[in-house]
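**Student:** These protein sequence lines map, in sequence, to chains Y and C. Add 184 to the 1-based position in the first sequence for the working numbering, that's all there is to it. Add 1 to the 1-based position in the second sequence for the working numbering, that's all there is to it.
Rather than coming from a laboratory, the hints here were simulated on the basis of the structure. Accuracy of the hints is not assured; some may be wrong.
[Stated by the list, open to error] Cβ-to-Cβ under 10 Å is the rule here; a few derived chain Y residues that face chain C:
id: 1; residue: Val242
id: 2; residue: Asp257
id: 3; residue: Met365
[Said to hold, decoys possible] Dumping the calculated DSBU-like pairs for lysine-lysine here, alpha-carbon to alpha-carbon at most 35 Å:
id: 4; chain 1: C; residue 1: Lys292; chain 2: C; residue 2: Lys348
id: 5; chain 1: C; residue 1: Lys492; chain 2: C; residue 2: Lys292
id: 6; chain 1: Y; residue 1: Lys360; chain 2: C; residue 2: Lys376
id: 7; chain 1: C; residue 1: Lys285; chain 2: C; residue 2: Lys376
id: 8; chain 1: Y; residue 1: Lys344; chain 2: C; residue 2: Lys285
id: 9; chain 1: C; residue 1: Lys285; chain 2: C; residue 2: Lys492
Computed from a prediction, not measured in an experiment: that's the story for all the values here. For each residue, glycine too, the CB sits at the ideal point set by N, CA and C.
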Amino acid sequence: MDADPQSRPLDSIRETRRKDMSNPSPAAAENQPRLSIDRLVVRAAVIDLAIGLALVAVAAVFWFAAAEFDEADSTGVGAATFPRGIAVLLAVTAGMLAARATLSLCGRLPSVTSIISRPGHVLAGMGLVILFPVLMSNLGYYIGSALWMPALFVVAGYRKPLGIVIMTAGFLVFAKVGFEMILGVRLP
Amino acid sequence: MSGSFLQALALFGSWQVATALMAGVLVGYVVGALPGLSASMGMALLIPFTFGLSPVVSIVMLVTLYMASEYSGAIPAILCNTPGEPSAAITALDGYPMRMRGEAGQALTLSILGSAFGSIISTAMLIVAAQSIASFALAFGPADYFALAVLGLSLISCLASGSLLRGTIGLLFGLLLTTIGIDPVDGSTRYVFTPDLLSGVSFIAALIGLFALSEVFEMLETSNQNPEPLQEMPGLSGQLSLLIPHRWTLIRSTLVGFAIGVVPGAGATIASLTAYVLEKRLSKDPDSFGKGNPAGVVASETANNACIPGALAPMLALGIPSKASVAILIGALTIHGVQPGPLLFSKHPEIPLSIYIALFIGMPFMVMLGLWGAKLWIRLTLIPTSVVAVLVAAICLLGTYAEAGDIFAVYTAIFFGVVGYLLRKAGIGPTPIVLALVLGNMMESNFRRAMLQSGGDPQVFLTSPISAVCLVLAALLFVVPIAQDARRGRKARAAAAPETP
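So here's chain Y without its partners, still in its complex pose:
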């Protein structure tokens, strides 16, 4: 059912390599998680296991939380029927993903490595994106964006000060004219 990882989406971006566990000698060290500045090499089974278990937990939360509105009508079908049915199916399929990952980690199935390039930049970028609504709520859209966009430019690797100023100012003018003045969107 779960076949070649080469067919996973966006292969052109993500570097994923299949490694035969029966012949691990050339790069056995790559199967061990390690963090460097440029890339994080991790066994795909570790990611699969984490995602699988997380989704099983999500399914469990939805199953148990459905008790609050579990009132079936005369047909035996109620508000909880559909979400509980889906939760069971999700738990089963995510459990299968976790089980396959476990077998792979035990060496029973071929192992695959995933490479996350520039993990520090990705984490910093995520942090900044999460910070954006906080800045927007407290400082207003324009001041918040004037601080946020240059920081994200730097994290993304663009370091030309004049370019950063021009693009940030240009974007804020676009937001003012395009969204506030023409579309009538009120920005905080």
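Got chain Y; can you put chain C on it based on the hints?
**Tutor:** Chain C in isolation, oriented as in the chain Y frame:
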């Protein structure tokens, strides 16, 4: 009829109608290309401007906006993997890999020409059969809608080829999310952990997060690399000849798009998806789909634009809105004292005729804008990834806020951005989740309505011919790829057996 047609055509000689047509195309082009702004939002924003205009001028402006926005949603989908419209998510599957190969110009050209073909042929079909096809759409009951949704979801088996398990997980995760909010049948609240979730998970915020923000995080991984060199754009005749190898795809996708557009609630996303899967099934190289096959772009864009005239059929003939954008069109006509429905063709023949003509005349204008615009848009691909990542993040967060008008939607988009990025790392793409978000409510509400109507008898799903056919097709679509994978696996093992010592 011919007298009315000539009268309606004469109206297009007036500067008011011509200006409305161009304004509609231009605004639709911009609205569709901006993630977060949908066709229905653009139309709703334009309605106040139509108060002082005649019904014909108003409807021409709104219809051309609707048409243009459905096309231009493909532009950010191809360039940044960020669908401007939900249906463009299917276009991104092959359009974005083409852009990554330096073929953005070809992808944009195919999308505009495919859109034009789909729209024009579909409009011709609308003129011929508006009233009869609308009657067919009315035959759909709750059981049929449920089966249609199941059929739509079963198409995931084709989208997630190679990893059906991961595609199914994405699909189920999306379906679970659609259960958050007010129950569609009895109105009880479900999983409303915060009052902001009362109306459920914002679809636009989820779409932007799953596709665009997760892509931004992917871009941060490669933002120190130079963009792919751009391939030479062909001239006009070369652009037109790009379509020739896809002539059968154009015809099939137009028919699929039009037929699905007629069914209320089905919409352009299902049309794009169905046409895409059909092409993949018929292709001699199905594995190339999702990796930059031009036929995928043509199928998706042709179908979603062919869907527009189809969606207008129930409105014109019966006064029934098949989707949100069409409901706004009905509202705009009602404001002007025109009631769509069976009497529209006799009382106000100029309205349907103006719509037909607007679709025909607006499309060449849009094609010129699209072909000329493609040469400019592809220049965007030369911008460093570090700059694109920041601008895409900024426009997505702004668009999300603009669409919802509250900060919670921005948090929702960010949540889905992070989740989408993590799921991508596990090989679970955003498309199955978005597909489930589109179809989840339709599936559950119609399942329960059908069960209520039948007194709890599940045989209702098999006794209705439409429902039975859809369910059988869904089962085949889901089972056949598994059987094919198993057969390929057996062949591969058999071929490898002699080499094994």
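**Student:** Please go over all the hints and tell whether each is borne out by the structure.
**Tutor:** Structure-based check of each hint:
Because the smallest distance between the Cβ of Y:Val242 and any Cβ of chain C comes to about 7 Å, under 10 Å, the interface hint for this residue holds. Taking 10 Å as the C-beta contact cut-off toward chain C, the hint placing Y:Asp257 at the interface holds, the least distance being around 7 Å. Restraint check, Y:Met365 versus chain C: the minimum CB separation of about 12 Å is more than 10 Å; hint violated. Among the hinted pairs, C:Lys292 with C:Lys348 is inconsistent with the structure: their alpha-carbon atoms are about 51 Å apart, more than 35 Å.
Straight-line distance between C-alpha atoms of C:Lys492 and C:Lys292 comes to about 25 Å, which keeps the hinted pair within the 35 Å bound. For the suggested pair Y:Lys360 and C:Lys376, the alpha carbons sit about 27 Å apart, so the restraint of at most 35 Å is met. Under the criterion of a C-alpha separation no larger than 35 Å, the hint pairing C:Lys285 with C:Lys376 is consistent with the structure, at around 31 Å. Pair hint Y:Lys344 plus C:Lys285 does not hold up; C-alpha atoms about 48 Å apart against a cutoff of 35 Å.
Only pairs whose Cα atoms come within 35 Å are accepted, and C:Lys285 paired with C:Lys492 is accepted, the gap being roughly 18 Å.
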